[in-house]
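Protein chains: 2
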Amino acid sequence: MALVVQKYGGTSVGDAERIRAVASHVAKTRAAGNEVVVVVSAMGKFTDDLIKLADQVSPTRPPRELDMLLTAGERISMALVSMALADQGVQSASFTGSQAGIITDTDHTRAKILEMRPERIREAIDAGMVPVVAGFQGVSTDHDITTLGRGGSDVTAVALAAALGADVCEIYTDVTGVYTADPRVVPKAHQLDKISFDEMMEMAATGGRVLMLRSVEFARRHGVPLHVRSSFTWEPGTWIVEEDPTMEEAVVTAITDDTSEAKITVGGVPDKPGIAAKLFRALANEGINVDMIVQNTGANGLTDISFTVALTDLESATDVCEKVKSVIGAASVATDNNIGRVSIVGAGMKSSAGVTALMFETLSNNGINIEMISTSSIRISCVLRADKVGDAVRFLHTAFGLDAN
Amino acid sequence: MALVVQKYGGTSVGDAERIRAVASHVAKTRAAGNEVVVVVSAMGKFTDDLIKLADQVSPTRPPRELDMLLTAGERISMALVSMALADQGVQSASFTGSQAGIITDTDHTRAKILEMRPERIREAIDAGMVPVVAGFQGVSTDHDITTLGRGGSDVTAVALAAALGADVCEIYTDVTGVYTADPRVVPKAHQLDKISFDEMMEMAATGGRVLMLRSVEFARRHGVPLHVRSSFTWEPGTWIVEEDPTMEEAVVTAITDDTSEAKITVGGVPDKPGIAAKLFRALANEGINVDMIVQNTGANGLTDISFTVALTDLESATDVCEKVKSVIGAASVATDNNIGRVSIVGAGMKSSAGVTALMFETLSNNGINIEMISTSSIRISCVLRADKVGDAVRFLHTAFGLDAN
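Chains as they are written, first to last, in this note's numbering: chain A, 918 to 1322; chain B, 918 to 1322.
Hints are computed from structural coordinates only; laboratory data are not their basis. Ideal Cβ placement from N, Cα and C applies to all residues, glycine included. Where hints are given, some of them may not hold.
Partial pick of chain B residues on the chain A-facing surface, computed with a CB cut under 8 Å [as the list claims (entries may be wrong)]:
#1 Arg937
#2 Gln973
#3 Ser975
#4 Ile993
#5 Ala1010
#6 Ser1011
Quick list of in silico lysine-lysine cross-link-like pairs, DSSO-like style, CA-CA up to 30 Å [unchecked claim]:
#7 A:Lys1189 with A:Lys1242
#8 A:Lys945 with A:Lys1111
#9 B:Lys1240 with B:Lys1195
#10 B:Lys945 with A:Lys969
#11 A:Lys962 with B:Lys969
#12 A:Lys969 with B:Lys969
#13 A:Lys969 with A:Lys1029
#14 B:Lys1111 with B:Lys1029
#15 A:Lys1240 with A:Lys1189
#16 B:Lys962 with B:Lys945
#17 B:Lys1267 with B:Lys1105
#18 B:Lys1029 with B:Lys969
#19 B:Lys1305 with B:Lys1267
#20 B:Lys969 with A:Lys945
#21 A:Lys969 with B:Lys962
#22 B:Lys1195 with B:Lys1242
#23 A:Lys1305 with A:Lys1267
#24 A:Lys962 with B:Lys962
Calculated from the model, a selection of chain B residues having no Cβ within reach of chain A, i.e. all distances over 12 Å [to be verified]:
#25 Arg1067
#26 Glu1159
#27 Ala1201
#28 Thr1214
#29 Thr1229
#30 Asn1322
Given the sequences, and given the hints that come with them, work out the whole structure.
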């Protein structure tokens, strides 16, 4: 008998019919001899509707109250899923994040889980019930209601799976699994049966839209196998698991793309120790996440520092750079919001030569200019003009032998 | 400095604009030197919408899950009111029923309050904040979320006012106060400045729609003065207070009407001890509330027992009577869903002769037949044909000198 945590996203519980379909699938999973814990997101666009309502009421939206407001969404979907399970003859009870023992810090709207105390969930399982748990939410050490930020429901599911020692955490969504590239960009992309945590993390970090980096990190740290699959077809999807040393690895597993970032170049910076530190400390103090960083040392003791930030942070990041400019003795601050990033990801890259060369040749042979490069042991990313991203992904998908037959 | 509990109903927080108006009024009440605790209902028809959604999902609607679902409503309104208060510069925090320490029994969808532990609310007040508390909800001794049934938000407000020793509990609604009769029925009805708990209870029990009986009972038991007033005009409304022995009382304070009941007559019942007990025990066992009961002893040792029940209970009550008929040796069960009740209520009635006579004469002089009569020390109710109710209320309103000049 396996213990399965099943997480259903917003589209999977989008209306009454979808909710009944979920209940039916849970009943089947139970009938196959498994124990099941369900984690749900808010229905469809309900969270967005609540945010709109908050905007109408209040320009300031205090974070504690925003969290209180938004947690109403999962409360509704979990109660409805639990009702639908009752109609399927499955004993069930819904639990808020607080009731499920998800203890977080006090950082409202993006709280981190400090501790899991899932005693009530464990008791419900032992009593033969299917607990239905609100995703995305917890209770802080100050006894206030918190939310876990974007992708928070996945984090809830993985954290519960880890705390309960579940055999698998199934993430149900509106796609059938993880693909070698975004199928909307690359028609020849195909679904992966299996991918390692490391690869999935690199994909999540570079534009893969199926899972958020944070939940994959959490799953890897706790060794929770993930299974991403569709709540519309109910077919097996993609497993995300520990790397299996006995398997031969594909050199490149997937190509990702991301056009949600912008580039800032701080030019004419004295090439002295501590300059970059001052710049990035100033950005960090404003809560701005910097992604790729490239520094080109030029002649005459001056250097250019380029980095990427989320488009949504571009304005505040530019402000910070303008303020720091005189402090670090830089000559200029230039921004570019017309860039895109293409990345190749593959665990086999570590032990395979020539991957970098093939990537650069493929882009160059097709007239695509590379503006920035960054690498990890299992990923290479290139920044390009935004309008070249689609072509780049398709050419690389073919060049690395990923096209479906 | 007074401590004021302000309860806002669904129409009072029906949209973003109404919510901002509420916040502005709370800010004014604070600025006038009062401490304020706010209790809110769900926005407008949101609770009805949730019930519709539950009906779409599930025919069974397990009560525990229905409670979990419905409590999302106040969660949304309380967070929004708290946000709007922040914009008014008023320090505020919202609290669920559970966080506010409202401990109930485990009777889902109609739980009763067992204990109030409002420590967090008291702390918030002492810290100079305005706590915004979810009405209608609590947490059971089993740590499950419960709701308090119809009119539950008023009960929350009164219970908090009692537990905190508040000076007044203000009930904000879409009418301006309590009237001498329903103004839709009697155009000459006028608003009462003040009414006793006893009178208000009789009114609530006989069709007065402004307050539910339960919250008035609770307020009387704990000596919490109520002030019913409008969140649209913000004018002073009607105070509901302990009877003031120094004041001369009006003989009749108000006329109420109620067409939400039906009559059942069990005929040809042997006039022996224990027969009525068997009948009403059987009804009570099915959870059916019986209102007026009249027994006419006839000739030949047989009697007719007539009583009224809510129209919504008519079918199940009739079933019970048909089952009990043979047990008690009754001849017939007849139902009548075309009745109405008119009541006159007044604390002065106790010490005033001729009230009953004037009521009966007024009805009789206007050709209105009385079918059943029941009385308390401060109320007389008559059951009439439903289509005579409007006329009866208007004639009585004039006869007892209540018409506005």
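Hints and how they fare:
1. Arg937: This interface hint holds because 7 Å falls under the 8 Å limit.
2. Gln973: 4 Å, holds
3. Ser975: 4 Å, holds
4. Ile993: Cβ of B:Ile993 sits 5 Å from chain A, so the hint holds.
5. Ala1010: With a minimum Cβ separation of about 6 Å from chain A (threshold 8 Å), the hint on B:Ala1010 holds.
6. Ser1011: Cβ of B:Ser1011 sits 5 Å from chain A, so the hint holds.
7. A:Lys1189 with A:Lys1242: 15 Å, holds
8. A:Lys945 with A:Lys1111: The given pair, whose Cα atoms are some 24 Å apart, holds under the 30 Å limit.
9. B:Lys1240 with B:Lys1195: Cα-Cα ~11 Å, so holds.
10. B:Lys945 with A:Lys969: Given pair B:Lys945, A:Lys969 holds - Cα atoms ~27 Å apart, limit 30 Å.
11. A:Lys962 with B:Lys969: Judged against 30 Å, a Cα distance of about 18 Å means the pair holds.
12. A:Lys969 with B:Lys969: 23 Å, holds
13. A:Lys969 with A:Lys1029: Holds - the C-alpha atoms of A:Lys1029 and A:Lys969 are around 25 Å apart, at most 30 Å.
14. B:Lys1111 with B:Lys1029: 28 Å, holds
15. A:Lys1240 with A:Lys1189: 19 Å, holds
16. B:Lys962 with B:Lys945: 28 Å, holds
17. B:Lys1267 with B:Lys1105: Roughly 26 Å separates the two Cα atoms, so the pair holds.
18. B:Lys1029 with B:Lys969: 25 Å, holds
19. B:Lys1305 with B:Lys1267: 27 Å, holds
20. B:Lys969 with A:Lys945: Satisfied, since the Cα-Cα distance of roughly 27 Å is no more than 30 Å.
21. A:Lys969 with B:Lys962: 18 Å, holds
22. B:Lys1195 with B:Lys1242: This hinted pair holds, its Cα atoms lying about 10 Å apart.
23. A:Lys1305 with A:Lys1267: 27 Å, holds
24. A:Lys962 with B:Lys962: 20 Å, holds
25. Arg1067: Holds: least Cβ distance 20 Å, greater than 12 Å.
26. Glu1159: Fine: 37 Å to the nearest Cβ keeps B:Glu1159 off the interface.
27. Ala1201: 28 Å, holds
28. Thr1214: B:Thr1214 clear of chain A: closest Cβ-Cβ about 50 Å, beyond 12 Å.
29. Thr1229: 22 Å, holds
30. Asn1322: Since the minimum Cβ distance to chain A is about 43 Å, B:Asn1322 lies beyond 12 Å and the statement holds.
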